[in-house]
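Chains as they are written, first to last, in our numbering: chain A, 7 to 312; chain B, 3 to 541; chain C, 10 to 291.
Don't take every hint at face value.
[Unchecked claim] Just a sample of chain A residues kept apart from chain C, beta carbon distances all over 12 Å, derived:
#1 Gly77
#2 Thr91
#3 Arg136
#4 Thr175
[What the hints assert, rightly or not] Which bits of chain B does chain C cover? Going by a derived footprint, with three or more residues having C-beta under 8 Å, they are:
#5 326–340
#6 386–399
#7 403–412
Hint data in this document are derived by calculation from the structure and do not stem from the laboratory. Only a predicted model underlies this, so the values are computations on that prediction, with no experimental measurement involved. For each residue, glycine too, the CB sits at the ideal point set by N, CA and C.
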Amino acid sequence: MVFLLLRRLVQTALILLGVAVITFLLLYALPADPARMIAGRSATAQTVANIRRELGLDQPLLAQFWNYLQGLFQGDLGRSYAQKTDVGALIAARLPATLILMAAGIAVEVVLGVFLGVLAAVRRGGFVDRFVMMASFVGVSAPQFVAALLLLYVFAVTLAWFPMSGFGTPAHVVLPALTLGVLGAGWYARMVRSAMIDVLNQDYVRTARAKGLSSARIVFRHALPNALLPIIAMIGIDIGQFMSGVVVVEAVYGWPGIGQLAWQAIQQVDIPIIMGVTLVSALAIVLGNLIADILAPLVDPRIRAR
Amino acid sequence: MFKRWLRNSTVATALLLAPLPAFAQDAPKQGGEIVITYKDDIATLDPAIGYDWVNWSMIKSLFSRLMDYTPGTTELVPSLAESYEVAPDGLTYSFKLRKGAKFTNGREIVAADVKYSIERAVDPKTQGPGAGFFGAIKGFDDLTGGKTTALEGIEAPDASTVVFHLSRPDATFLHVLAVNFASVVPKEAVEAAAGDFGKKPVGSGTFILRDWTVGQSLTFERNPDYFIKDMPRIDKFTVEVGQEPLVALLRLQKGEVDIAGDGIPPAKFLEIKNSPEGAEIIVDGQQLHTGYLTLNTKVKPFDDVKVRQAVNMAINKERITRILNGRATSANQPLPPLMPGYDKGFTGYAFDVEKAKALLAEAGHPDGFETILYSTNTDPQPRIAQAIQQDLAAVGIKAEVRALAQANVIAAGGTEGEAPMIWSGGMAWIADFPDPSNFYGPILGCSGAVQGGWNWSWYCNEDLDARAVAADSMSDPAKAAERQAAWGKIFTDIMADAPWVPVTNERRVVAKSPRMGGAGEIYVDPTRVINYDAIYVKQ
Amino acid sequence: MRAVKAMVRQPAALFGLIVVALVVFLAVAAPLIAPYSPDEQMFDGLTLEGAPLPPSAQFLLGTDTLGRDLFSRLLYGARTSLVIGLVANGIAVAIGLLIGILSGYMRGIVGGALMRFTDLMMAFPALLLAIVLAALLRPSLWIVAMVIALVNWVQVARIVYTETRGLVERDFILAERSLGAGHGRILFHHILPHLVPTAIVWGTLGIATTVLLEATLSFLGIGVQPPTPSWGNIIFESQSYFQAAPWLVFIPGAVILLTALSFNLVGDALRDILDPTQRGRG
Numbered sequence: 007m008v009f010l011l012l013r014r015l016v017q018t019a020l021i022l023l024g025v026a027v028i029t030f031l032l033l034y035a036l037p038a039d040p041a042r043m044i045a046g047r048s049a050t051a052q053t054v055a056n057i058r059r060e061l062g063l064d065q066p067l068l069a070q071f072w073n074y075l076q077g078l079f080q081g082d083l084g085r086s087y088a089q090k091t092d093v094g095a096l097i098a099a100r101l102p103a104t105l106i107l108m109a110a111g112i113a114v115e116v117v118l119g120v121f122l123g124v125l126a127a128v129r130r131g132g133f134v135d136r137f138v139m140m141a142s143f144v145g146v147s148a149p150q151f152v153a154a155l156l157l158l159y160v161f162a163v164t165l166a167w168f169p170m171s172g173f174g175t176p177a178h179v180v181l182p183a184l185t186l187g188v189l190g191a192g193w194y195a196r197m198v199r200s201a202m203i204d205v206l207n208q209d210y211v212r213t214a215r216a217k218g219l220s221s222a223r224i225v226f227r228h229a230l231p232n233a234l235l236p237i238i239a240m241i242g243i244d245i246g247q248f249m250s251g252v253v254v255v256e257a258v259y260g261w262p263g264i265g266q267l268a269w270q271a272i273q274q275v276d277i278p279i280i281m282g283v284t285l286v287s288a289l290a291i292v293l294g295n296l297i298a299d300i301l302a303p304l305v306d307p308r309i310r311a312r
Numbered sequence: 003m004f005k006r007w008l009r010n011s012t013v014a015t016a017l018l019l020a021p022l023p024a025f026a027q028d029a030p031k032q033g034g035e036i037v038i039t040y041k042d043d044i045a046t047l048d049p050a051i052g053y054d055w056v057n058w059s060m061i062k063s064l065f066s067r068l069m070d071y072t073p074g075t076t077e078l079v080p081s082l083a084e085s086y087e088v089a090p091d092g093l094t095y096s097f098k099l100r101k102g103a104k105f106t107n108g109r110e111i112v113a114a115d116v117k118y119s120i121e122r123a124v125d126p127k128t129q130g131p132g133a134g135f136f137g138a139i140k141g142f143d144d145l146t147g148g149k150t151t152a153l154e155g156i157e158a159p160d161a162s163t164v165v166f167h168l169s170r171p172d173a174t175f176l177h178v179l180a181v182n183f184a185s186v187v188p189k190e191a192v193e194a195a196a197g198d199f200g201k202k203p204v205g206s207g208t209f210i211l212r213d214w215t216v217g218q219s220l221t222f223e224r225n226p227d228y229f230i231k232d233m234p235r236i237d238k239f240t241v242e243v244g245q246e247p248l249v250a251l252l253r254l255q256k257g258e259v260d261i262a263g264d265g266i267p268p269a270k271f272l273e274i275k276n277s278p279e280g281a282e283i284i285v286d287g288q289q290l291h292t293g294y295l296t297l298n299t300k301v302k303p304f305d306d307v308k309v310r311q312a313v314n315m316a317i318n319k320e321r322i323t324r325i326l327n328g329r330a331t332s333a334n335q336p337l338p339p340l341m342p343g344y345d346k347g348f349t350g351y352a353f354d355v356e357k358a359k360a361l362l363a364e365a366g367h368p369d370g371f372e373t374i375l376y377s378t379n380t381d382p383q384p385r386i387a388q389a390i391q392q393d394l395a396a397v398g399i400k401a402e403v404r405a406l407a408q409a410n411v412i413a414a415g416g417t418e419g420e421a422p423m424i425w426s427g428g429m430a431w432i433a434d435f436p437d438p439s440n441f442y443g444p445i446l447g448c449s450g451a452v453q454g455g456w457n458w459s460w461y462c463n464e465d466l467d468a469r470a471v472a473a474d475s476m477s478d479p480a481k482a483a484e485r486q487a488a489w490g491k492i493f494t495d496i497m498a499d500a501p502w503v504p505v506t507n508e509r510r511v512v513a514k515s516p517r518m519g520g521a522g523e524i525y526v527d528p529t530r531v532i533n534y535d536a537i538y539v540k541q
Numbered sequence: 010m011r012a013v014k015a016m017v018r019q020p021a022a023l024f025g026l027i028v029v030a031l032v033v034f035l036a037v038a039a040p041l042i043a044p045y046s047p048d049e050q051m052f053d054g055l056t057l058e059g060a061p062l063p064p065s066a067q068f069l070l071g072t073d074t075l076g077r078d079l080f081s082r083l084l085y086g087a088r089t090s091l092v093i094g095l096v097a098n099g100i101a102v103a104i105g106l107l108i109g110i111l112s113g114y115m116r117g118i119v120g121g122a123l124m125r126f127t128d129l130m131m132a133f134p135a136l137l138l139a140i141v142l143a144a145l146l147r148p149s150l151w152i153v154a155m156v157i158a159l160v161n162w163v164q165v166a167r168i169v170y171t172e173t174r175g176l177v178e179r180d181f182i183l184a185e186r187s188l189g190a191g192h193g194r195i196l197f198h199h200i201l202p203h204l205v206p207t208a209i210v211w212g213t214l215g216i217a218t219t220v221l222l223e224a225t226l227s228f229l230g231i232g233v234q235p236p237t238p239s240w241g242n243i244i245f246e247s248q249s250y251f252q253a254a255p256w257l258v259f260i261p262g263a264v265i266l267l268t269a270l271s272f273n274l275v276g277d278a279l280r281d282i283l284d285p286t287q288r289g290r291g
């Protein structure tokens with residue numbers, strides 16, 4: 007177990023290194039000059055050259071990357087070109103907002119998904135089942151930005167139930183979390199449904215039911231736990247989806263997370279910020295997968311045995 | 003002024019207001035707290051680095067400079083300076099500092115602070131964009147070249163006297179001392195911030211930065227010790243960032259926001275304009291802005307002046323102003339109408355499809371040609387590029403639109419032979435200070451027609467360059483009118499060569515809540531966008 | 010044919026099939042159906058103040074902010090979105106199949122390296138990668154398709170990898186191998202045919218994802234270049250008008266939703282039909 011964990015950690019580090027290399031190369035090849043973006047239009051060629059030198063952009067690619075890596079190993083993500091402040095601090099200031107949004111979004115997904123999935127499994131083949139199955143597909147087929155605009159329009163502008171934009175109170179998180187969660191809940195509903203149906207069809211459950219055990223007891227003691235493992239695995243994998251989703255959702259709702267930071271940085275070719283956000287996102291994704299793998303044996307004894 | 007007017011074509015800095023709205027007569031009141039929103043986060047509040055239209059006005063209010071402008075006007079007045087003298091040869095400027103002016107850390111401002119601050123702005127180590135403004139100061143080249151760490155041309159003979167020695171006459175030098183890069187900063191605070199001065203600014207302006215939650219909000223409080231009585235008017239303003247302009251407007255209509263800093267998006271403009279409270283909410287002011295199409299004189303067939311003239315006649319500017327919901331007027335010369343030197347009698351090229359076709363045929367392109375039109379990729383710029391594309395198609399020119407991120411367009415523009423045409427929307431020139439010279443050098447002069455430059459037409463006319471230098475040497479205030487006329491002529495003469503199609507002069511449209519008082523000019527101030535010092539709350 | 014028959018019996022799948030067929034038909038027949046040229050900015054397509062027109066008899070679905078007919082643009086936009094859907098997803102499935110099979114079949118360094126590379130690509134935040142790639146390569150229809158393919162193949166590769174690993178252990182492959190069959194024979198005659206259902210299912214489901222991703226890229230301003238209409242850039246150009254001219258955002262939004270939904274329904278039905286063991290799995 008410990009050995010496995012160590013191996014996974016080393017793998018994680020290597021993956022992050024790979025992400026860093028690829029992102030750095032891509033950004034290096036961008037046909038845009040950060041020094042000129044900083045210098046603006048009134049700057050003389052001398053000013054631009056000075057800025058380029060001070061940023062170390064006049065050095066060869068390998069030297070630049072080596073400098074970056076050295077910083078990275080010391081936990082230093084570098085300094086933003088445009089904001090002249092530590093990228094680590096910038097991300098740290100915004101990461102909590104993104105994490106809150108993700109946690110809320112995942113909570114909506116899981117609660118809604120489990121509820122609908124159980125409902126569909128219990129009423130298998132009936133109207134409810136078909137409706138849930140259909141709705142789950144509608145959810146995953148909806149463009150996120152249209153859903154975000156629609157929710158904003160209906161619940162914030164027209165009905166004024168929730169604030170339109172911003173951060174700080176629980177009310178602020180509702181609409182962004184719903185946008186992220188409602189659309190994704192379909193996958194969870196389908197998964198819970200199929201996992202439960204597997205169990206409901208098994209002999210011991212039929213026996214239990216024949217013995218007169220209540221439906222609720224069967225669902226919550228026998229069938230639902232069976233769906234826990236795939237749910238956890240799904241959450242781990244979902245983090246990647248969320249990391250993409252937040253760019254759009256944060257933009258629409260003015261949520262002060264790393265998605266907005268990244269989008270602004272891309273516009274300004276603020277390479278250290280783009281690198282930093284990519285690495286942090288990649289870390290979150292890899293950790294999500296790792297946690298899913300590690301938790302799996304604790305949930306299902308059959309897997310621990312393997 | 004540069005960098006972040008990406009999202010909104012209509013956002014611009016230097017502006018002037020045409021009609022005076024009715025609320026101008028209210029007597030200014032003291033006190034009150036207001037909320038202002040912006041889409042983009044505030045990058046930095048370091049006056050040597052900040053150079054976008056959002057932080058520009060905040061830096062203006064956090065710091066003070068030797069010179070400044072009367073709120074809402076382009077009139078230069080001494081600010082931190084009590085008085086100044088210019089030597090007859092225009093090469094020496096002496097300033098007396100105001101007595102008792104203090105930084106908000108309590109220390110009195112001395113002449114050495116002025117010298118330190120400007121040297122800091124020029125020093126390559128600062129990585130600031132504004133160094134070039136101070137190019138006329140003696141010793142500039144030695145400092146930017148890394149030979150020294152001080153500017154030999156700035157002297158502080160005693161605590162309250164600063165003397166500048168110039169290496170050449172510069173008629174705009176007093177304006178230069180009013181740009182943000184000339185803000186006075188306390189050395190000890192810069193050093194204490196250890197590279198983070200942009201987040202922990204200390205100045206001597208009208209406001210103090212009290213609180214900054216990154217990505218969310220900034221709180222500014224009135225500086226009780228500011229050296230001018232009754233300034234500023236409001237006690238406190240909170241800037242909320244990350245707010246979509248559209249959402250900000252909806253909140254403003256609900257009374258949650260006092261000023262929607264990004265202005266009114268075109269989509270909402272008509273609705274608000276035609277609503278009952280519209281007149282009270284909208285501040286619609288002309289600004290010192292020209293939107294233009296560059297025609298690259300180093301790319302075939304735009305090397306032929308006839309082709310460039312034909313394109314000038316092919317663009318239907320009226321239709322473009324209609325797409326902008328009438329928030330702009332057609333332009334015919336590089337200078338905007340409110341800039342000193344603008345030639346009211348000049349008519350430029352009229353929209354005339356037949357004449358354009360004839361000229362193209364004369365130039366050897368009876369069937370037109372294929373080319374590429376660059377534009378930034380934020381709304382509404384790609385739409386305007388498409389309108390231009392359709393106009394060009396009508397005379398046979400097939401232009402492929404490339405809507406790219408701003409940085410990529412800028413890179414293409416500054417690469418020789420790369421971008422045949424660029425629609426400047428979202429990057430259009432906005433003056434750093436209200437003087438026609440600021441509209442020439444980098445964007446139309448030879449010095450800008452270099453690798454990485456901003457003269458995207460790659461137009462270089464040595465004769466005009468010489469006239470520009472001559473005009474800028476007329477630093478004697480008595481010759482101001484003559485100098486203006488000389489500049490005006492330069493810009494209309496440029497149009498004979500037609501390196502640009504001047505397309506629109508956009509107005510800036512700001513939204514403010516009905517409780518906000520003061521003339522429109524201080525919400526669309528020509529030198530600082532929103533003048534936080536002068537705005538006030540009515541009740 | 011068997012698959013089509015089976016699908017016709019399920020109402021949801023039938024619905025999906027009809028919509029997909031309809032969208033394909035409209036896209037192909039766009040020049041015949043469209044009342045106007047999709048790129049023509051009409052003078053009477055805007056109010057005098059420059060506002061777009063709501064749906065009317067003259068303009069069935071209204072006009073956009075440049076005075077172009079929205080209905081015609083949606084028809085032509087279907088071409089763009091479908092081409093990107095098919096091309097991008099086709100490439101993604103092809104890359105996914107290739108890397109998935111190779112890494113699943115080959116042991117040792119090559120297989121391991123390919124799988125690590127897949128893991129690496131999985132760790133990339135997909136949208137960020139797409140944004141950077143789109144900024145790097147000048148966006149055109151084909152480049153957008155390439156970018157989407159480069160982002161989307163990873164999932165296919167993982168699934169194919171898992172299935173290939175399962176197949177390699179199966180008795181009939183082991184038997185073939187012991188009989189001395191070459192790698193080529195095993196790969197092409199035994200493993201690949203078993204993966205066809207997976208490829209078809211993902212080829213269909215993936216189109217939905219691709220159409221959505223194209224729309225998202227366009228929404229961020231880095232999709233297909235104007236004036237070529239795509240469903241995404243139609244919304245992008247009008248997004249700020251969602252209140253003043255809701256038809257400009259919500260009609261294309263509904264079209265995207267309906268199309269993605271239909272591809273998902275068809276793909277899901279195909280999965281049930283082609284591979285009964287996968288029934289009902291998300």
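Hints versus structure:
Glycine 77 (chain A), annotated as away from the interface, keeps every beta carbon of chain C farther than 12 Å; the closest lies near 20 Å. With a least CB separation of 21 Å from chain C, threonine 91 (chain A) remains clear of the 12 Å interface cut-off, as annotated. Distance check on arginine 136 (chain A): its Cβ comes as close as 8 Å (rounded) to a Cβ of chain C, failing to clear the 12 Å threshold; non-interface status is violated. Threonine 175 (chain A), annotated as away from the interface, keeps every beta carbon of chain C farther than 12 Å; the closest lies near 24 Å.
Chain C is given as covering the region 326–340 of chain B, and this holds because 3 residues of the stretch bring a CB closer than 8 Å to a CB of that chain, at least three being needed. With 5 residues bearing a CB less than 8 Å from a CB of chain C, the region 386–399 of chain B meets the requirement of three and the coverage assertion stands. A stretch counts as covered by a chain when three or more of its residues have a beta carbon under 8 Å from one of that chain; for the region 403–412 of chain B and chain C the count is 6, and the coverage holds.
In summary, the structure is inconsistent with hint 3 from the numbered list given earlier, while agreeing with all the others.
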